[in-house]
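I would like the entire structure built from these sequences, with the hints used as guidance.
Sequence lines, in order, name chains S and E.
Mapping of the first sequence onto numbering that gives the first Met the number 0: position 259 corresponds to residue 258, and the numbering continues sequentially without gaps.
Mapping of the second sequence onto numbering that gives the first Met the number 0: position 25 corresponds to residue 24, and the numbering continues sequentially without gaps.
These are calculated hints, taken from the structure and not from any lab test.
Only a predicted model underlies this, so the values are computations on that prediction, with no experimental measurement involved.
Heads up, some of the hints might be wrong.
These stretches of chain E come out as covered by chain S in the derived footprint (C-beta under 8 Å, 3 or more residues) [as the list claims (entries may be wrong)]:
1) 34 to 42
2) 123 to 135
What follows is a set of in silico ranges between Cβ atoms, one per label pair, in the way DEER data are often shown [what the hints assert, rightly or not]:
3) P180(S) x I46(E): 48 to 58 Å
4) I46(E) x G139(S): 21 to 31 Å
5) K285(S) x V8(E): 39 to 49 Å
6) V8(E) x C138(S): 21 to 31 Å
7) C138(S) x I46(E): 35 to 45 Å
8) V5(E) x L189(S): 51 to 61 Å
9) L189(S) x R42(E): 44 to 54 Å
Keeping only pairs whose Cα atoms sit at most 20 Å apart, straight-line, the calculated EDC-like set for lysine to aspartate or glutamate is [claimed, not checked]:
10) K33(E) x E97(S)
11) K75(E) x D63(E)
12) K87(S) x D49(E)
13) K37(E) x E192(S)
14) K33(E) x E101(S)
15) K33(E) x D104(S)
Each residue gets a CB set at the ideal place from its N, CA and C atoms; glycine is no exception.
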Amino acid sequence: MKKTSLRFKIVDAFYIAMMIIPFLVGIVLKVLTKPASEGINITGAGIYFTIPMPLQDFPVTESQVNSLLVSIVILFFCLFMTHGLTEKCQLKRQHFAELIVEKVDGMVNENMGEFFKGFSPFIIGMMALSAVSSLITLCGLYPPTSDINIVGGWAVLVFILITYYKMKCGPINYLKSFTQPVAFLTPINLISEIATPVSMAFRHYGNVLSGSVIGVLIGTALGSLSSKLLGWLPGFLADIPLLQVGIPAVMSLYFDIFSGCLQAFIFAMLTMMYVAGAFDIDTYKKIMEKKNAKKAKKHASVE
Amino acid sequence: MQNLDVISVNIWQMLASLANLLIIFLLVKKFLYKPVKKMLETRQNAIQSDYDAAEDAKNHALADKEAYEEKLRGAKAEADDVIKSAVNVASQREKEIIAEAKEKADGIVRQAENDAVLERKKAEEGIRKEIVEVSSLLTEKMLEREVSGADHQHFIDSFIESIGEDDAD
Numbered sequence: 000m001k002k003t004s005l006r007f008k009i010v011d012a013f014y015i016a017m018m019i020i021p022f023l024v025g026i027v028l029k030v031l032t033k034p035a036s037e038g039i040n041i042t043g044a045g046i047y048f049t050i051p052m053p054l055q056d057f058p059v060t061e062s063q064v065n066s067l068l069v070s071i072v073i074l075f076f077c078l079f080m081t082h083g084l085t086e087k088c089q090l091k092r093q094h095f096a097e098l099i100v101e102k103v104d105g106m107v108n109e110n111m112g113e114f115f116k117g118f119s120p121f122i123i124g125m126m127a128l129s130a131v132s133s134l135i136t137l138c139g140l141y142p143p144t145s146d147i148n149i150v151g152g153w154a155v156l157v158f159i160l161i162t163y164y165k166m167k168c169g170p171i172n173y174l175k176s177f178t179q180p181v182a183f184l185t186p187i188n189l190i191s192e193i194a195t196p197v198s199m200a201f202r203h204y205g206n207v208l209s210g211s212v213i214g215v216l217i218g219t220a221l222g223s224l225s226s227k228l229l230g231w232l233p234g235f236l237a238d239i240p241l242l243q244v245g246i247p248a249v250m251s252l253y254f255d256i257f258s259g260c261l262q263a264f265i266f267a268m269l270t271m272m273y274v275a276g277a278f279d280i281d282t283y284k285k286i287m288e289k290k291n292a293k294k295a296k297k298h299a300s301v302e
Numbered sequence: 000m001q002n003l004d005v006i007s008v009n010i011w012q013m014l015a016s017l018a019n020l021l022i023i024f025l026l027v028k029k030f031l032y033k034p035v036k037k038m039l040e041t042r043q044n045a046i047q048s049d050y051d052a053a054e055d056a057k058n059h060a061l062a063d064k065e066a067y068e069e070k071l072r073g074a075k076a077e078a079d080d081v082i083k084s085a086v087n088v089a090s091q092r093e094k095e096i097i098a099e100a101k102e103k104a105d106g107i108v109r110q111a112e113n114d115a116v117l118e119r120k121k122a123e124e125g126i127r128k129e130i131v132e133v134s135s136l137l138t139e140k141m142l143e144r145e146v147s148g149a150d151h152q153h154f155i156d157s158f159i160e161s162i163g164e165d166d167a168d
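Here it is, written out as structure tokens:
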């Protein structure tokens, strides 16, 4: 392996630092603004300040700030991964970068087809954002994915994409698709259309939030159990919730890490399915052929 | 610090997160996806060109081999020709030399035969003369008289002739 220069190492160190600093900033912000809470206290994201806006005020909450931090982390992660990219593959991280890109490319190709090749970076970004947002709980930060607004925003974007690709076959075809297979099912079709983003948002949000809630419940339960069972211990030993050591960590392995990654995967998968399913490539090709034929005719007549 | 409710829908928050996702998409595209794709493509091209070069080299080597084999075959045939012609020339020369030698030998033998015949004739002549002289002397002595040489000559000659014939038998 080629020896890396000092400059290269400094840039690397900067990237790594920029991947860690946002978490530290988040932790510091939380420590400064949120008082430690006792007992079961399940609330939404904490509001830092509110910007007055038409329709609704815009509260800048923990979830907003945390997703911004996550974005910064992802940006520097990308920069770090592609730093020192060579075709000879001299750095280990390059393997990982190639693995990510090729896996997601393969997944997109498999689930969506050739036409949606450009979706790969979108899927990578979505997965990364969702996964890191969920995993941020490991630092004790508020996970943005347990805020319905954050996941709802993504679901709305997916809904826009679905509608866009349905519209590609012409607005008339789009409206007609609601009366399929029979006309009187139109209301149900409309409901299912709207249910798609709602179900996506609630699935993701609910999983992550329930993980946090169960974490809090288990922690509290273990704390009180330990004070009941081990209260007879002398002195300060009685005050230490010994049962809280270890067990919540194992629980968090499932509820935070596994569930977070799985939900990110599911969300990306559903996005691919819905968007690919919304697009009827045969009809689209027919329309494009007709258009091209018309254009050619016009051209011929002009000439 | 205030908290939101667990479920509280806010349009602006949604829009912000939507924009966030779009920004992440662009960032990933620009900083991760494109460079990696580009690198993969250049690598693919490099590998392809390597393969092409290897294929070219192989073809070249095969062509060279063919040419050398052709040349080798030609050289062998040429060598065979050379040897054959040399053998032909040599055998011809051999025949010529043998013929020449034979001729020469024949010439020598004939010469020798001729010489021998001449020598013999000379010797015969000399012996005859001597015999004639001796016999004439003898007869002179025996007869104590002059003998006409010519008479005796004739007589002795016939005598010697008969001896010579006896010798030849």
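How the hints compare with the structure:
no.	hint	verdict
1	34 to 42	holds (count 7)
2	123 to 135	violated (count 0)
3	P180(S) x I46(E): 48 to 58 Å	51 Å, holds
4	I46(E) x G139(S): 21 to 31 Å	47 Å, violated
5	K285(S) x V8(E): 39 to 49 Å	40 Å, holds
6	V8(E) x C138(S): 21 to 31 Å	27 Å, holds
7	C138(S) x I46(E): 35 to 45 Å	42 Å, holds
8	V5(E) x L189(S): 51 to 61 Å	28 Å, violated
9	L189(S) x R42(E): 44 to 54 Å	49 Å, holds
10	K33(E) x E97(S)	11 Å, holds
11	K75(E) x D63(E)	18 Å, holds
12	K87(S) x D49(E)	13 Å, holds
13	K37(E) x E192(S)	38 Å, violated
14	K33(E) x E101(S)	12 Å, holds
15	K33(E) x D104(S)	12 Å, holds
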